[in-house]
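Trainee: Combine both chains into one complex, guided by the hints.
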Amino acid sequence: MDDIQTAVSVDELSFWGKHRFSLLIVLAVLVASSLVLTSIALYYSSGAAQLDLSRPGYKAVRAQAVTSDSDFQNYSSTGAINQSTISEFKSLYARQAQKTEAVDAFGGDPLNPNSLGVSDVSDQSSF
Amino acid sequence: MKTFARLLVVCLTLAVILSGILLLDVSAQNATMTDQQIELIRTNCVSAKNTLNQLHMSDALLRVNMGQMYESMSTKLMERFNGRVANNNFNNTNLVAVTTSYGLMLDTFRSDYITYEEQLSSAIAVDCSKQPVAFYDAISSARTERNNVHADVLKLNQYIDQYQSALNQFEKDYQATSSGAKQ
Numbered sequence: 003m004d005d006i007q008t009a010v011s012v013d014e015l016s017f018w019g020k021h022r023f024s025l026l027i028v029l030a031v032l033v034a035s036s037l038v039l040t041s042i043a044l045y046y047s048s049g050a051a052q053l054d055l056s057r058p059g060y061k062a063v064r065a066q067a068v069t070s071d072s073d074f075q076n077y078s079s080t081g082a083i084n085q086s087t088i089s090e091f092k093s094l095y096a097r098q099a100q101k102t103e104a105v106d107a108f109g110g111d112p113l114n115p116n117s118l119g120v121s122d123v124s125d126q127s128s129f
Numbered sequence: 521m522k523t524f525a526r527l528l529v530v531c532l533t534l535a536v537i538l539s540g541i542l543l544l545d546v547s548a549q550n551a552t553m554t555d556q557q558i559e560l561i562r563t564n565c566v567s568a569k570n571t572l573n574q575l576h577m578s579d580a581l582l583r584v585n586m587g588q589m590y591e592s593m594s595t596k597l598m599e600r601f602n603g604r605v606a607n608n609n610f611n612n613t614n615l616v617a618v619t620t621s622y623g624l625m626l627d628t629f630r631s632d633y634i635t636y637e638e639q640l641s642s643a644i645a646v647d648c649s650k651q652p653v654a655f656y657d658a659i660s661s662a663r664t665e666r667n668n669v670h671a672d673v674l675k676l677n678q679y680i681d682q683y684q685s686a687l688n689q690f691e692k693d694y695q696a697t698s699s700g701a702k703q
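The listed protein sequences correspond, in order, to chains A and B. Note that the first sequence ends on residue 129 in our numbering; no numbers are left out. Note that the second sequence ends on residue 703 in our numbering; no numbers are left out.
Bound conformation, chain B alone (with noise of 0.2 Å):
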């Protein structure tokens, strides 16, 4: 009966101590904050709530347009290329370095995306005029999140272009060869 008591006496403080974390995680929260925000959060909840709503949903169909563009240009040209050099004996080495870190960033952006998008998707799900902080955090969060898959873009057309460099290294390199072969 004892323990019992004890152990009672444990898990009531252990419970006094977070909840009083919380307390002072949301007190925190709020000090970032004024009235004066919190406010127009709830004046402009549903203008801003379409506004994401639209976002969301032309974001989607960008993912799925500009994914089938960055995919084709992967499997459709640079692959099939490479292979075509490589089955003709030629040095294919800087053009398959450029495809693979090419592969690599559009798996970045995949994984990218759909982090932005779970973050959108709960920005959305936040009720705006019952919390306020949580939905100003959320869009904040969103906002970063999409900012990282502006910077895969980025990086992909970059790869793009490295490609491209590549490719006339490839065709300067070629002329070499067969000019050195044909004296």
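Bound-form chain A, shown alone (with noise of 0.2 Å):
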């Protein structure tokens, strides 16, 4: 009587019913992909992926990187304001200033064609 009404039951269940398990599992693919691929686009979109040392081809220079800035002292902001508290910020400032100017970062002209070998001299004012 039991195995009857057990028969019956199976049977009455709709397509997605019998199916759940594998829903279940298709839906926590689509949900997991759409996480990543959303991930991914704000990881290339933010900018991280140009700051990101640690992605292949980038071993060369990765040990290069500076990790800590501990020689970047930390200003206080809270204290008094007087002769000299303004001549201690304006040295530690002139300080940092300089070492930051010295580096004429993004300069000269690597990608000239010239240089990298791609053009003839006469060639040079059309690029």
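Since the hints were made in silico from the structure, they are not lab data. Mixed in with the good hints, there may be bad ones.
What the hints assert, rightly or not - Derived pair list, reagent style BS3-like, types lysine-lysine, alpha-carbon separation capped at 25 Å:
{"hint": "1", "chain 1": "A", "residue 1": "Lys92", "chain 2": "B", "residue 2": "Lys650"}
{"hint": "2", "chain 1": "A", "residue 1": "Lys101", "chain 2": "B", "residue 2": "Lys596"}
{"hint": "3", "chain 1": "B", "residue 1": "Lys569", "chain 2": "A", "residue 2": "Lys92"}
{"hint": "4", "chain 1": "A", "residue 1": "Lys61", "chain 2": "B", "residue 2": "Lys569"}
{"hint": "5", "chain 1": "B", "residue 1": "Lys650", "chain 2": "B", "residue 2": "Lys569"}
{"hint": "6", "chain 1": "B", "residue 1": "Lys675", "chain 2": "B", "residue 2": "Lys569"}
{"hint": "7", "chain 1": "B", "residue 1": "Lys692", "chain 2": "A", "residue 2": "Lys92"}
{"hint": "8", "chain 1": "B", "residue 1": "Lys596", "chain 2": "B", "residue 2": "Lys675"}
{"hint": "9", "chain 1": "A", "residue 1": "Lys101", "chain 2": "B", "residue 2": "Lys675"}
Claimed, not checked - Chain B regions said to be covered by chain A (calculated; three or more residues, Cβ under 8 Å):
{"hint": "10", "region": "555-567"}
{"hint": "11", "region": "571-583"}
{"hint": "12", "region": "589-597"}
{"hint": "13", "region": "617-623"}
{"hint": "14", "region": "627-639"}
{"hint": "15", "region": "656-662"}
{"hint": "16", "region": "689-698"}
Said to hold, decoys possible - Computed from the model, here is a short list of chain B residues facing chain A with C-beta under 10 Å:
{"hint": "17", "residue": "Met586"}
{"hint": "18", "residue": "Phe601"}
{"hint": "19", "residue": "Asn602"}
{"hint": "20", "residue": "Gly603"}
{"hint": "21", "residue": "Arg604"}
{"hint": "22", "residue": "Val605"}
{"hint": "23", "residue": "Asn607"}
{"hint": "24", "residue": "Asn608"}
{"hint": "25", "residue": "Phe610"}
{"hint": "26", "residue": "Asn614"}
{"hint": "27", "residue": "Pro652"}
{"hint": "28", "residue": "Leu674"}
{"hint": "29", "residue": "Lys675"}
{"hint": "30", "residue": "Ile680"}
{"hint": "31", "residue": "Tyr683"}
{"hint": "32", "residue": "Gln684"}
Virtual Cβ for every residue (Gly too), placed ideally from N, Cα, C.
Mentor: So, in structure tokens, the structure goes:
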């Protein structure tokens, strides 16, 4: 009697009822894929990709990245303002400014077609 | 059926016009380069690619290190001193104005670097032995973008100097105020 009742109840299940486990897996995969795609899009659009030296191809320069800027002192945002504190800040600021400005970052012209060897000298003006 | 035939004719006409425009564009690009130069690009293709890859790596390192320094100038020095001045009820308008401009320029620097890096990556991705003209154009665009990043760096340095001037002015105002109060 029980066997007959069980068989009837299984037959009454709808298509989605019968495949609910498969449906669960498909939905889980879809949600995971959409989250992965969103995170990859954010990774590239935010500029994090450009700063990520752990990417393949950056192994040679990875060790040269400054991981600690401990020589860059934090100036306290609390406390009194007097001639002594102003002078102290001025000297701290001047030191760091000099260090920052000392590097001519992205200067030079390494992408000049002549230095890359992809142009003859006469073509220099057209580039 | 007639409508379908007309639609087909219209589509074919559009396709012919579009391909004509594209062909004209390609021939115009070729016209700016001589055969000798195209051959030169093909010959030096491998060495140029190696140079680009090295530049790609060294610029990424420079971006990380310099970005950190520029960020620290703002967060560890300028903003903190501005806050301290404000907490002591002194006028910090000039200092804040320069800090704000510096912050905006730092944002421009970041976005310009992203554009440059994308352009350089696309230049590296071009097969220079098969597409020498496209390779040359991609390098040209990357060069322009790199110059923009360099211009941003120069402006950031200018703002650093301007903050120093604003600081000197603040010191003078402070000395004038304190000597006036003593008298």
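Trainee: Indicate, hint by hint, whether the structure satisfies it.
Mentor: Checked hints:
Straight-line distance between C-alpha atoms of A/Lys92 and B/Lys650 comes to about 57 Å, which puts the hinted pair past the 25 Å bound. Taking the CA atoms of A/Lys101 and B/Lys596, the gap is about 15 Å. The hint holds against a cut of 25 Å. As the CA atoms of B/Lys569 and A/Lys92 are separated by approximately 46 Å, the hinted pair breaks the 25 Å bound. Of the pairs offered as hints, the one joining A/Lys61 and B/Lys569 holds, with about 18 Å between alpha carbons and a cut-off of 25 Å not exceeded.
Distance hint between B/Lys650 and B/Lys569 is fulfilled; the C-alpha atoms sit about 13 Å from each other, no more than 25 Å. Note on B/Lys675 and B/Lys569: the hinted pairing is violated, with a Cα-Cα distance of about 31 Å set against a maximum of 25 Å. Using a Cα cut-off of 25 Å, the hinted pair B/Lys692 and A/Lys92 holds, with the two alpha carbons roughly 13 Å apart. At roughly 20 Å between alpha-carbon atoms, B/Lys596 and B/Lys675 fall within 25 Å of each other, so this suggested pair holds.
Proposed proximity of A/Lys101 and B/Lys675 is supported: the alpha carbons are some 16 Å apart, at most 25 Å. Residues of the region 555-567 of chain B with a Cβ under 8 Å from some Cβ of chain A number 6, which satisfies the need for three, so the listed coverage holds. Proximity of the region 571-583 of chain B to chain A, defined as three or more residues with a beta carbon under 8 Å from a beta carbon of that chain, is established by the 12 residues found. Against chain A, the region 589-597 of chain B contributes 6 residues with a C-beta closer than 8 Å to a partner C-beta. That satisfies the three-residue criterion, and the hint holds.
Here the region 617-623 of chain B counts 0 residues with a CB under 8 Å from a CB of chain A, which misses the bar of 3, and the coverage is violated. A stretch counts as covered by a chain when three or more of its residues have a beta carbon under 8 Å from one of that chain; for the region 627-639 of chain B and chain A the count is 5, and the coverage holds. Judged by the Cβ-Cβ criterion of 8 Å, the region 656-662 of chain B is covered by chain A as claimed, because 4 of its residues qualify and three suffice. For a cut-off of 8 Å, the count of residues in the region 689-698 of chain B with a CB near a CB of chain A stands at 5, and the three-residue condition holds.
At its closest, the beta carbon of B/Met586 sits 5 Å from a beta carbon of chain A; the interface hint therefore holds under the 10 Å criterion. Here the hint on B/Phe601 is kept, as its CB sits about 5 Å from the closest CB of chain A, short of 10 Å. A cut of 10 Å between beta carbons decides the hint on B/Asn602: the least distance to chain A is about 8 Å, and the hint holds. At about 4 Å, the closest approach between the beta carbon of B/Gly603 and any beta carbon in chain A falls short of 10 Å, and the interface hint on this residue holds.
Satisfaction of the interface hint for B/Arg604 is found here, the shortest Cβ-Cβ separation to chain A being roughly 5 Å, below the 10 Å cut-off. Satisfaction of the interface hint for B/Val605 is found here, the shortest Cβ-Cβ separation to chain A being roughly 6 Å, below the 10 Å cut-off. Satisfaction of the interface hint for B/Asn607 is found here, the shortest Cβ-Cβ separation to chain A being roughly 7 Å, below the 10 Å cut-off. Using the Cβ-Cβ criterion of 10 Å, the hint placing B/Asn608 at the interface with chain A is satisfied: the shortest such distance is roughly 4 Å.
Hint status for B/Phe610: holds, given a least beta-carbon distance of 6 Å to chain A, under 10 Å. Given the 10 Å rule on beta carbons, the hint for B/Asn614 is violated: about 14 Å separates it from the nearest Cβ of chain A. Annotation: B/Pro652 was flagged as interfacial toward chain A, and the flag holds, the nearest CB pair being 8 Å apart, inside 10 Å. With its C-beta approaching chain A no nearer than about 9 Å, B/Leu674 sits inside the 10 Å limit, and its interface hint holds.
Using the Cβ-Cβ criterion of 10 Å, the hint placing B/Lys675 at the interface with chain A is not satisfied: the shortest such distance is roughly 12 Å. Taken as an interface hint, B/Ile680 checks out: its beta carbon lies about 5 Å from the nearest beta carbon of chain A, inside 10 Å. A cut of 10 Å between beta carbons decides the hint on B/Tyr683: the least distance to chain A is about 7 Å, and the hint holds. The interface hint given for B/Gln684 is met, as the beta carbon of that residue sits about 6 Å from the closest beta carbon of chain A, less than 10 Å.
In the structure shown, a violation is registered for the earlier hints numbered 1, 3, 6, 13, 26 and 29, in ascending order.
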